[in-house]
Amino acid sequence: MIEIKNLSKTFKIESNKKDQTLFSHVKSILERKTKSRKLEVLKNISFNVQEGEFLGIIGVNGSGKSTLLRILGEIMQPDKGEIKIKGKIVPFLSLNMGFFESLSAKENVLLNGVLMGIDKHFLLKNMDNILEYTGLKGFRNVPLKKFSKGMNMRLVFGVARYAQGDIYLVDEMLRVGDKNFREKCHEFFEGVRKKGKTIVYTTHNFNDIEKYCDRVVVLHKGKIVYDGDPKKAINFYEKITEKRS
Amino acid sequence: MRLKNIKPTKKDWSIIKELTLADFKDRYSSSFFGVFWSFLKPLFFFLILYLVFSNFREAQVENYPLFLLLGIILWGFFSESTKEGMSSILSKKSIITRINIKKEIIVFSSCLKNFMTLLLNLLVFFIFMYFFSVSIDWHIFPFMILLVILFVFSLSVSFLLSAYYTKFRDLDPIWTLLLRVGFFASPIIYSVSTIPAKYIDLYFLNPMARIITFAREFLIYNHMTDIKNIFITLGITLIVFFLGYYAFQKRKHKFIEEV
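Sequence order for the protein chains is A and B. Take 2 as the starting number for the first sequence in the numbering used here and just add one per residue. Take 129 as the starting number for the second sequence in the numbering used here and just add one per residue.
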């Protein structure tokens, strides 16, 4: 269960890369002017997610979806607001393994798994299953840099699905990869849902929303502009995007 | 500062272990010589410095090759681990933006990886000792304590640097420059006895000068320094540790927005 009250988050944006130096910092203090501007990403947001609920979050790019998920995943801290979370969070925030490129698939599976809180012995015991499931059995000792983006994603997903928890935070994941991979993702999240787990899912895809979500929150310019029935939420979202274009 | 959170949990330890090993393997699996690079680098540096400085008056020290090599190895660890520790948060961006992980773990495991290299280098040093007929005796135990202090000191400096590196990227060239100054401000190629007596207290405020000097006394000259000196070194290290750790705690919530 998730309870969020009056959540706000503001980012400081440096106007250019050169401002990220000690030199320019001292200079701006001496000149008494700040070069960074503020960007309010989330403004006073409140909502709840019930146990076992599949909540969709939609909104145009830059509406604050990913920031919200990162705050829920305790990766980022809000400036203001209260968050109450009951249950263990499992973050599915990015399918980019992207580090330790010269290490093998097996070594990366181990590291990723342990980072997600999965027991190392369990990973070693299930290594064949993981590689089989992702269709990468023949690539066990191949370094990650030889992998295509799709293979990389499959591998991350193959490990992450073993992470145990109560609340799944999913960022756009169901729409990546080829048809076969998407089907596997769908299968997995169907299974998670049937087990009565809670899922918070951000997406741009209406089919997924109608198919899965019990409830949808529409975010626009950092505010919740709609919270309720999925179909109505989609209509609401379409109106916003029409206005924009 | 909440010190009770400083102790790693069982899960933290397993992450530290995997991350350190992966980092270690990653560094050496991509080069032809592999792990031998970690030996070759200090050895080449040693050879160059030895050829240049062995005829200088300052180098008229008993067992100068061992003296020089140990200095290079210990300083090499400090220099590499603080440089990598500083940028560790940024280089592990793909982890911290995806998973809620204690940021301290990243800096710690970066230093630990370099510590593993240090231990390998020391093995080579022990082989050198054998050829120079210097034997290892019970002084190895205070030397081990000194190694732990060296690790904590490097970790502390890494905490301090990494706390600000995400915000101030020009810390990289600044720290590289300071390390170069530190190399000459520490007794690596010369002996402490060349420092004028009136400056010696000031000189020994530098923990690296202390660590390198005492390490040589323990390992090469089998001589036990005054225990008070070890405690002072530990004291300075702990002060730097609290400074670094405090800065890190203050800044760590900003990392995710700055990387």
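Derived by calculation from the structure, the hints in this document are not laboratory data. Check before you lean on any hint, since a few could be wrong.
[To be verified] With a cut-off of at most 30 Å between alpha-carbon atoms, the simulated DSBU-like pairs for lysine-lysine come out as follows:
hint : chain 1 : residue 1 : chain 2 : residue 2
1    : B       : Lys380    : A       : Lys185
2    : A       : Lys39     : B       : Lys221
3    : B       : Lys169    : A       : Lys85
4    : B       : Lys135    : A       : Lys146
5    : A       : Lys196    : B       : Lys138
6    : A       : Lys87     : B       : Lys153
7    : B       : Lys378    : A       : Lys107
8    : B       : Lys138    : A       : Lys87
9    : B       : Lys139    : A       : Lys87
10   : A       : Lys126    : B       : Lys169
11   : A       : Lys6      : B       : Lys378
12   : B       : Lys139    : A       : Lys196
13   : B       : Lys230    : A       : Lys39
14   : A       : Lys224    : A       : Lys87
15   : A       : Lys13     : B       : Lys221
16   : B       : Lys382    : A       : Lys224
17   : A       : Lys195    : B       : Lys139
18   : A       : Lys138    : B       : Lys221
19   : B       : Lys139    : A       : Lys85
20   : B       : Lys153    : A       : Lys44
21   : B       : Lys138    : A       : Lys85
22   : A       : Lys147    : B       : Lys221
23   : B       : Lys135    : A       : Lys147
24   : A       : Lys121    : B       : Lys153
25   : B       : Lys230    : A       : Lys126
26   : B       : Lys139    : A       : Lys146
27   : A       : Lys13     : A       : Lys121
28   : A       : Lys89     : B       : Lys135
29   : A       : Lys39     : A       : Lys224
30   : A       : Lys87     : B       : Lys169
31   : B       : Lys145    : A       : Lys150
32   : A       : Lys81     : A       : Lys107
33   : B       : Lys145    : A       : Lys34
34   : B       : Lys169    : A       : Lys147
35   : A       : Lys87     : B       : Lys221
36   : A       : Lys121    : B       : Lys139
37   : A       : Lys121    : B       : Lys169
38   : A       : Lys81     : B       : Lys169
39   : B       : Lys145    : A       : Lys6
For each hint, the structure was consulted:
1. Lys380/B <-> Lys185/A: violated, 37 Å
2. Lys39/A <-> Lys221/B: The given pair, whose Cα atoms are some 23 Å apart, holds under the 30 Å limit.
3. Lys169/B <-> Lys85/A: Given that 30 Å is the threshold and the Cα spacing comes to 52 Å, the pair is violated.
4. Lys135/B <-> Lys146/A: violated, 35 Å
5. Lys196/A <-> Lys138/B: holds, 28 Å
6. Lys87/A <-> Lys153/B: At roughly 38 Å apart (the allowed maximum being 30 Å), Lys153/B and Lys87/A break the hint.
7. Lys378/B <-> Lys107/A: The given pair, whose Cα atoms are some 37 Å apart, is violated under the 30 Å limit.
8. Lys138/B <-> Lys87/A: Measuring from Cα to Cα gives roughly 22 Å; hence the hint holds.
9. Lys139/B <-> Lys87/A: holds, 20 Å
10. Lys126/A <-> Lys169/B: violated, 39 Å
11. Lys6/A <-> Lys378/B: holds, 25 Å
12. Lys139/B <-> Lys196/A: OK: Lys139/B and Lys196/A at ~26 Å, within 30 Å.
13. Lys230/B <-> Lys39/A: Cα-Cα ~27 Å, so holds.
14. Lys224/A <-> Lys87/A: Given pair Lys224/A, Lys87/A holds - Cα atoms ~24 Å apart, limit 30 Å.
15. Lys13/A <-> Lys221/B: Judged against 30 Å, a Cα distance of about 18 Å means the pair holds.
16. Lys382/B <-> Lys224/A: holds, 23 Å
17. Lys195/A <-> Lys139/B: holds, 29 Å
18. Lys138/A <-> Lys221/B: At roughly 28 Å apart (the allowed maximum being 30 Å), Lys221/B and Lys138/A satisfy the hint.
19. Lys139/B <-> Lys85/A: holds, 23 Å
20. Lys153/B <-> Lys44/A: Violated, because 45 Å separates the two Cα atoms, which is more than 30 Å.
21. Lys138/B <-> Lys85/A: Answer holds: Lys138/B to Lys85/A is near 25 Å, not above 30 Å.
22. Lys147/A <-> Lys221/B: holds, 21 Å
23. Lys135/B <-> Lys147/A: Violated - the C-alpha atoms of Lys147/A and Lys135/B are around 38 Å apart, more than 30 Å.
24. Lys121/A <-> Lys153/B: The hint holds at about 18 Å.
25. Lys230/B <-> Lys126/A: Measuring from Cα to Cα gives roughly 27 Å; hence the hint holds.
26. Lys139/B <-> Lys146/A: With a Cα-Cα distance of about 28 Å, the restraint between Lys139/B and Lys146/A holds, given a limit of 30 Å.
27. Lys13/A <-> Lys121/A: violated, 39 Å
28. Lys89/A <-> Lys135/B: holds, 21 Å
29. Lys39/A <-> Lys224/A: holds, 16 Å
30. Lys87/A <-> Lys169/B: Roughly 52 Å between the alpha carbons, so the hint for Lys87/A and Lys169/B is violated.
31. Lys145/B <-> Lys150/A: This hinted pair holds, its Cα atoms lying about 27 Å apart.
32. Lys81/A <-> Lys107/A: violated, 41 Å
33. Lys145/B <-> Lys34/A: At roughly 45 Å apart (the allowed maximum being 30 Å), Lys34/A and Lys145/B break the hint.
34. Lys169/B <-> Lys147/A: holds, 29 Å
35. Lys87/A <-> Lys221/B: Distance ~28 Å between Lys87/A and Lys221/B Cα, so the pair holds.
36. Lys121/A <-> Lys139/B: holds, 10 Å
37. Lys121/A <-> Lys169/B: violated, 34 Å
38. Lys81/A <-> Lys169/B: Given pair Lys81/A, Lys169/B is violated - Cα atoms ~50 Å apart, limit 30 Å.
39. Lys145/B <-> Lys6/A: violated, 38 Å
The earlier numbered hints that this structure contradicts are 1, 3, 4, 6, 7, 10, 20, 23, 27, 30, 32, 33, 37, 38, 39.
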